[in-house]
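Protein chains: 2
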Amino acid sequence: MNQKPFQDYYPDHMAHCYGCGRLNELGHQIKSNWDGNESVCYFDPKPHHTAIPGYVYGGLLASLIDCHGTGTAAAAAYRDAGRSMDTEPALRFLTGSLHIDYLKPTPMGVTLEIRGKVKEVKGRKVVIEEWILANGMVTVRGEVVAVQVPEKLVRELLENAGN
Amino acid sequence: MNQKPFQDYYPDHMAHCYGCGRLNELGHQIKSNWDGNESVCYFDPKPHHTAIPGYVYGGLLASLIDCHGTGTAAAAAYRDAGRSMDTEPALRFLTGSLHIDYLKPTPMGVTLEIRGKVKEVKGRKVVIEEWILANGMVTVRGEVVAVQVPEKLVRELLENAGN
Numbered sequence: 195m196n197q198k199p200f201q202d203y204y205p206d207h208m209a210h211c212y213g214c215g216r217l218n219e220l221g222h223q224i225k226s227n228w229d230g231n232e233s234v235c236y237f238d239p240k241p242h243h244t245a246i247p248g249y250v251y252g253g254l255l256a257s258l259i260d261c262h263g264t265g266t267a268a269a270a271a272y273r274d275a276g277r278s279m280d281t282e283p284a285l286r287f288l289t290g291s292l293h294i295d296y297l298k299p300t301p302m303g304v305t306l307e308i309r310g311k312v313k314e315v316k317g318r319k320v321v322i323e324e325w326i327l328a329n330g331m332v333t334v335r336g337e338v339v340a341v342q343v344p345e346k347l348v349r350e351l352l353e354n355a356g357n
Numbered sequence: 195m196n197q198k199p200f201q202d203y204y205p206d207h208m209a210h211c212y213g214c215g216r217l218n219e220l221g222h223q224i225k226s227n228w229d230g231n232e233s234v235c236y237f238d239p240k241p242h243h244t245a246i247p248g249y250v251y252g253g254l255l256a257s258l259i260d261c262h263g264t265g266t267a268a269a270a271a272y273r274d275a276g277r278s279m280d281t282e283p284a285l286r287f288l289t290g291s292l293h294i295d296y297l298k299p300t301p302m303g304v305t306l307e308i309r310g311k312v313k314e315v316k317g318r319k320v321v322i323e324e325w326i327l328a329n330g331m332v333t334v335r336g337e338v339v340a341v342q343v344p345e346k347l348v349r350e351l352l353e354n355a356g357n
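Respectively, the protein sequence lines represent chains A and B. Heads up: take any position in the first sequence, counting from 1, add 194, and you land on my numbering. Heads up: take any position in the second sequence, counting from 1, add 194, and you land on my numbering.
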C-alpha cells in the first residue's frame, strides 16, 4: 500500500514541531503510517541521543511516543469519519498527557519501530497505546492522551504568540 | 549557597546522557541544584524546540522532567545518607517510568524553571514530583519513578553494549 505519512498532511502552521514537523529542519521529522489496525513509525536515533553509552536516551523515546501518538489520534479521527486527512474541517490533536514505562534499556544502532493503536475515545480525548521495539523486542510501553483542539483555538494560540 | 550541580558529580560513564550529561556536547546539559527542600533547574529552549510556533515542544518538556527527576532522586539518596555525591559506593538512578500532564501551552522565549521534590521512597524506587514554570505560571506537571541501579548492573550494561 502506497501511503502518504500522517504528518505530511499537517498544514504548514502545524508542521514545525520538533518531533514530527516536516518543516522543522533540525527536528526528528517522524513519519507514521497505518499498518492494518495499528500505526507504525521507524526511527534511527543519532549517536548523540545517548542515555548511558550504547543505549537510547529516554527523553527521545518519550518524544517518539508523543508525536507518533498525536499523529495516530489525528489519523484515527479522520479514518473514523471516513475522510482523507487533507479535508476540512481540520481535526487537530495536541498532547494532554503522556505516560512512559521503560521496560528495559533500548539499544543504540538499530532502527526502532514505534507502534500504536487507539485504545479509547472519550469525547475530544483519544487514548493511544504504544510500544517501541528494538531488534523485535519491546523495550518501552507508552500511552498518550491526545486532545482534539478546535482550529480556532490553534489560531488564537498562534496569534497570542505573535505569529 | 555555592552549590555544584548534581549532574557535575556524575562519573564519566554516566555523563553522556543527551539530557543531562556534561560530556554530551550536543545535549541539553541541564544543571540541577537544591533550593531548600525542592530541586530546581533552569533551561532556555532553542528556537527549533517548537511545538506549534511560539510554544515549546512537549517532548523537550518531558526530557527536562525526566533528567531533572533522576538527578533529584540521586541527590536525595545521597542527602538522606548524609553523604556527598562524590563518595562511594555510587548511588545511580535510571528512569523506570515517566508521567507528564500538559496543563497549558508553554511559551517560547522565556527561561523555564523546572522544580522537583521527593514524593515517596519505595525500596529502590524514588518517586519525584515535578512542575515546570514559564513566566511564573505552572504549565506542566510531571512525575518520575527513578530506580536505583547497582553500579555492577550499569557496568554489565556498558559491557554488553561493547563499551
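These are computed hints drawn from the structure, not numbers from a lab. Treat the hints with caution; some may be incorrect.
Same chains, same label: a pair holds when it works inside one copy or across any pair of copies.
Using 35 Å as the maximum straight-line C-alpha spacing, the simulated DSBU-like pairs for lysine-lysine come out as follows [claimed, not checked]:
hint : residue 1 : residue 2
1    : K298      : K346
2    : K240      : K198
3    : K319      : K198
When no copy is specified for K240 and K198, does a C-alpha distance of 35 Å or less occur within a copy, between copies, both, or neither? both (24 Å within a copy, 30 Å between copies)
When no copy is named, should K298 and K346 be tagged within, between, both, or neither for a Cα gap of at most 35 Å? between (42 Å within a copy, 16 Å between copies)
If the cut is 35 Å between Cα atoms, do K319 and K198 qualify within a copy, between copies, both or neither? within (25 Å within a copy, 43 Å between copies)
Hint compliance for this structure: no hint is broken.
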